[in-house]
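Sequences and hints are given; from them, build the entire structure.
Top line first, the protein sequences correspond to chains A, B and C.
Reminder that position 9 of the first sequence reads as 8 in numbering that gives the first Met the number 0, one-by-one numbering, no gaps.
Reminder that position 591 of the second sequence reads as 590 in numbering that gives the first Met the number 0, one-by-one numbering, no gaps.
Reminder that position 278 of the third sequence reads as 277 in numbering that gives the first Met the number 0, one-by-one numbering, no gaps.
Just so you know, the hints here were simulated from the structure itself, not pulled from any lab data.
Be aware that one or more of the hints could be misleading.
So the derived label-pair ranges between C-beta atoms look like this [as the list claims (entries may be wrong)]:
| id | chain 1 | residue 1 | chain 2 | residue 2 | range |
| --- | --- | --- | --- | --- | --- |
| 1 | C | Arg137 | B | Gln894 | 21 to 31 Å |
| 2 | A | Asp173 | B | Gln894 | 15 to 25 Å |
| 3 | A | Glu160 | C | Val416 | 55 to 65 Å |
Cβ coordinates follow ideal geometry from the N, Cα and C atoms, glycine included.
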Amino acid sequence: MKILALGATLALGIGGGAFALFGDRLPPAPVQPIPFSHRVHAGALRIGCTACHAYAERGPVAGIPSMARCRGCHRFVKEDPEHRPAVDAELKRAVERLRQDAPIEWVRVHRVPDHVGFHHARHVGAGVACRECHGAVEEMDAVRQVASLDMGWCLECHRREQAERPVERARLTDCWTCHK
Amino acid sequence: MASDPHDLPLNRRAFLKLAGAAGVAAGCSPRAATQKVIPYVVPPEDIVPGTPLYYRTTCRECPAGCGVTARTREGRAVKLEGNPEDPVGRGALCARGQAALQALYHPDRFIGPVRRRGATLAACGWEEAQEALLAAIAAARARGPGRVRLLTRPEPGTAGELQRAFMRAAGARPADRVVLEPLDPAPLRQAARALFGRAEVPAYDLAAARSVVAFGADFLETWLSPVELTRGLSTGRGRTGEARTRLTWVGPRLALTGVSSDRWLRARAGGEPAVALGLLREVLDPRAAVAGVPADLRALQPRLAAVAPAEIEAAAGIPYAAIAALAHELTRRRPSALLGPGPASQGPDATRLAALLLLLDLALGNVGRTVRFGADPGLDPPSSAAEVDGLLASLSAGEVDVLLVHHADPLGTLPAALRAAEALGQVPLVASFATRPDATTARAHLVLPDHHALESFGDVSPRRGVVALSQPVMTPLHGTRPASQVLLDVGRRLPGGEAEVPWTDFGALVRQRDLERAQRAGASDAATASRDAFQRGGRYEAAPAPAPVALAPDAASAAVALPRAAAARAAGELDLVLFPTVLRGDGRSADLPWLREIPDALSTVSWTAWAELSPATAARLGVAAGDLLALDGAAGRVELPAYVYPGLRDDAVAVPLGGAEALALAPAARDPSGGRVLASRVRVARAGRRGRLPVLEGSPYQHGQEIVPAVTAAAPSVPRPDLSARMYPEPRHPEHRWALAIDLDRCTGCEACVVACFAENNVPVMGPEAADQGRYMGWLRIERYLGEEPGGELDVRLLPMMCQQCSSAPCEPVCPVYATYHTAEGLSAQVYNRCVGTRYCSNNCPYKVRTFNWRDVRFERPLDMQLNPDVTVRARGVMEKCTFCVQRIRYGEGQARAEGRPVVDGEIVPACAQTCAAEAIVFGDANDPASRVARLATGPRGFRALEELGTGPAVTYLARVRAPEDES
Amino acid sequence: MSPNPRPSPTRLERAVLAMHGRPGPGYLLLLALCGGLVAWGAYAFYLLFTQGLQLTGLGRPVGWGNLICNFVFWVGIAHCGTLISAILFLFRARFRTAVYRVAEMMTVFAVMTAGLFPVFHLGRPWLAYWLMPYPNQRGLWINFRSPLVWDVFAVSTYLTVSVVFLLVGAAPDAAALRDATTGLRRRLYALLAFGWRGTDEQWRHYTRAYLFLAGFATPLVVSVHSVVSWDFAVSLLPGWHSSLFPPYFVAGAILSGVAMVITILVPLRRAFHLEDIITPHHLDMLSRLVVLTSLIVGYAYLTEFGLALPQPASDPERATFLYRATGHYAPFFWTMVTCNCVLPLLLLARRVRRAAWALVAVCVLINVGMWLERWVIIVTSLSHDRLPFAWRTYAPRWPEWALTFGALGWFFLLFLVGLKVLPPISIAEMKEAQAHAAAPSGTGTLAVEVSHVA
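So, in structure tokens, the structure goes:
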């Protein structure tokens, strides 16, 4: 009897602890086809987000920069002598890759389920900074997901905003505001 | 099937288009492990991913030529809507126009040229295909004229011009190009030529007509220009008393168009001319004292007076008094319009019927007012039945080496009795430009698939003053090539072809021609003017003034004669009525999933053809609905499931056109003037077996309830139940209360709204088995009641039924998980991914408008590319229903918010209301007393479905107006 | 009333231990049969789970069919257990002692069966736990206005209470068996005996607790099926929306429950030769209960029609009831009336009440009738709602039947196993009853002590 009870408690304890520790951990940064670094572009070079993610302020989708946009700069930035040769080599390879007419197939990092109608422009327009959801990408080489992007996480912010102006933002917690 | 929907490079191209919408959910894939995000190589400057982009083009589903606004997302067309600037459609599309989109994404489409190898069609390169065609034509040309023939749909525009040039290059005579339009109102054109010397189809201005009489002309479904005519009629509807346009339907079967009528004259099949004659007799009668009758016409009066009413009665099969009453109405209510003949009345005397109707129009002073000549451009009139039969004859005689078939499916649209299949069998090379397999490609030697209309340039002129322009709304899905471009390439390379076909690119030619039009119109900057025209969707000038007509007396007197007396009916024989339906059309689009899935408005049958019998006849034959009937037609025996329909004469059997069954039954006969005869007699017997007849209706009777009330001028308002006693307060809707008003006096049951709903909301097609089990997924259905009780008086009433968005919705409180709830805007929301599928909401919904996903649905490639990204594709086990197109509401509200202004009444329009040609459906904010919907809903005709339950629907129906005889 | 039987205590224990002896071939055969049925049902559910409800005959408008019908049926069966053990205990109806253990086991197993169906019938059964209130990151809660949520609470409460009631009641017997057995079984009974030693103090607490539990369980008898009936009563459908439903359903539940008890008892006493413990007198008493409840049910039927038929011809309520009696499902309706209102009247005749097998036949038919009653209520109303255009009939497909019979197998499987674990007759209370009869003046508690000392 007692042994049984003890075992059960232990199992629960260990299981619960494990979940608490590793249960909802976010995925690591995926391996991208080319080692594009946000730290360099957004951080060191201080290129604004919407310079490449052109639609973030205009539409539902932030948009992935077109190959043409990459070439726009890398027509001139072909090499990086003053850094480590490895970086230089990478850059050369990347520029070579850009010469081809085929798009680079990036691995997706951020995704909301299909039943959610997320609208970038609305959020940017409402004064939500990119980093509030995407984290400090300017410090990441390979971008990884920093927020869970699950409903509870969305609601945290929506509730907070609603609490400030309950009347105008009454809809912020209506299911159909996000669900479609 | 020659096509392979999983062809990789093409789907990859499609995929790249999708990829721009990286963040946008397209369709509803379950969470993928790793997803790729593929950027544009060069971004199209006008595309902002996730936002719609609109293109104007033209619908080619029928000759009417309605303008189209195609909504595209990330470079793929997801929805077709009318073009509000186009004078023909005025922003509306019919059911087939809405469904044209599915032809673009049809999985069976040819993805490249195919060539016959033995029994099958095998893929081949474009070079090989064109070389083969070129060689064959060159050889045929060498053998002398007439060895190359072209069978085409009407091409009243540059394509037609090119075809004629090509045929000249191919050494053909003008007559070698035959224009096939299966449902062409040839008798009307013939009669007009005989009487007025103008071989044209008049334009009917029904908005100006006070009374309309349709002699088997289903002008609200397929006849001439249904969208335009529907709007014309509807402008005179939705009011009581004298001001309301009255419609009379003449024919053995009450068609859907007849359902909108106030009076039905059950003339026997072939009796319509007698009815017309009787009308003319009464109208010209001196006692009627109709002013302004031309003398030549007046002169016929004695001869008409000589015809005894008894004879007319006998020929018409209805009491003469009814005809006289109608005549009295027509003399009182002028102007009027008499329409016909339609396919359902296309008997041996169709041309005489047409002539009599035109004479009536002339006598009543309609010609020039409601019946306008001079509008038909006559650019590419369909060939007469005689010419088509002539072509078939020379084919069978082996006089033809090459037959080109351009969007005309002779085997799929001509009566089987004409033995077109055998005829084609005698031709060494049959080349078709069809986009997807049809009866003709099954026997073709070469298929050079054309682009879909939404992928190509083009121009058609459906009438004088209107040039409808087409432009590609997306890059072609498959490795197809514009048919006109193929003709152009091949034509140029024929000996001496350069002279006849001096152009190189068809798209450029179309633009060139419009540039010339712009110059002719005297535009200062022709290039800009032309580009604007393409953006507008066409060039629209004011309708030309009606041309004056002069009556040819002898032709008139020739027309004034009773039809031949009907031959005695052999035992078991019934009059065959072949009728077109709005969904099946002439059969060329009958294979589109939406059009097959959606039930016919009148019979509620889907997925199959059927044979209608009157209850009495069915009882006599001992058949019930669903029993198989054996019909002995002109081309052999056909078995069809029986459907019992009180709206049919006891001496007739009715079969819908748009399928092999009807074609097998249709006779090979032609009327004297060369028109196609569709009417005949068939022997009908029961096959003794049950067939599959998927019907949507449970019971077609109201069973003592007044579910769909009607009003009259005497009693113009619907009594409403007293709902003052409520336990709970009305829910408040502080900002908006979205609502619909549906005018049943305007609604014709055309089902354009239903198709639009399927397209807009990703409603899945489930198939016939599901239909049998009540698993039809349509969010919007046309309920049709035939009367009070079985055997009672026929009183057809339509009720478009969708979610009523009740303010006290019975579905909401019973959901255990809040998957459905009431929004602050008065909508009954359904959150799909929260639903666990108890189906309690559906059980408790008195309107039964919720549909459940009984299984997972697959949108077969590339049909999935049509899916609306703004609407979730629902998973198995989830309840769904009409949302008033909440995605459009959200979009409209978003636009308004972005521009910092309130939502304007009429800027948000659900898919159903948008495409309603009759403008029967009006959407808006009931909180705003000034909004159209609020004003309509508070009118006297307003009522709500099952209002006594106190559910507080947001949908207000405006009762159908009944106009009893005494009002006429 | 007729005097209670007085078998010698030894006889009683022997009888019970005999039941717990090595299973005979008949038992094993039954076990196999039930196991087969369960397997069949499990396969059907596997298919529903993987392929969806397309395999059922359901559609629009009939969204509920066999599955919900089974749910209501088994909740109904679960009823009389508590009725017999608790209410009759409070009323000091002596005849219950011999039969209440069977009834209680039946209750528990029936609820365990009923509880499955709300999950089976879901479109997305893997999300069934969403019907439970639990804190979640979505911040979503369940809809307390929904009768389905009431069901969740009613049924789970009922299960808990009846399990506790059963186990507490069985503790002394478990102790007795613990002392009479060895090995694994001894361990098990030790567990079930909750350290029962039978001291006077324990007896005093025990009887108090039992009395309290009985009082606590009694309202549940009424509440559970009232709540289940609200699934229908609070809806808008003609034929469902009726304030009559709660009492009507409770009566029906007791009818089917008692019928089921009899159906089980008769073969049981035959198989294990308990004729002298479960006497004709007991069956007689139960039969009277059947007649009473059947009369109530019949009255409910009459009332329904009596209220509906005088309505104007256009009234949907009236249409629905006419449809029940004359429409597509009329045969089921009339079978149901015959089984639930006519056949039970046979039990007015003492001869039938005393003829065990006739009794069983009637009771089996009553349960057929009661199943049909739920089916008729659910299906006719749904298939014949207000809009005639939406009318459509329903016919179950094989997976629904597989689950229906699978549930039957499941119930009897549990019961067969239960027989081998718990004494289907309460040794302690039987002894008490005897002692009680021996010392008529003494109170219950005293008597128990006496009997225990004896």
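### Task
Starting from the range 55 to 65 Å, see whether the pair Glu160(A) and Val416(C) falls in it by beta-carbon distance.
Holds: the Cβ-Cβ distance is about 57 Å, inside 55 to 65 Å.
### Query
Is 21 to 31 Å right for how far apart the beta carbons of Arg137(C) and Gln894(B) are?
Holds - the Cβ-Cβ distance for Arg137(C) and Gln894(B), about 30 Å, lies within 21 to 31 Å.
### Query
Do the Cβ positions of Asp173(A) and Gln894(B) conform to the proposed distance bound of 15 to 25 Å?
holds, 19 Å
In this structure, none of the earlier numbered hints is contradicted; all agree with it.
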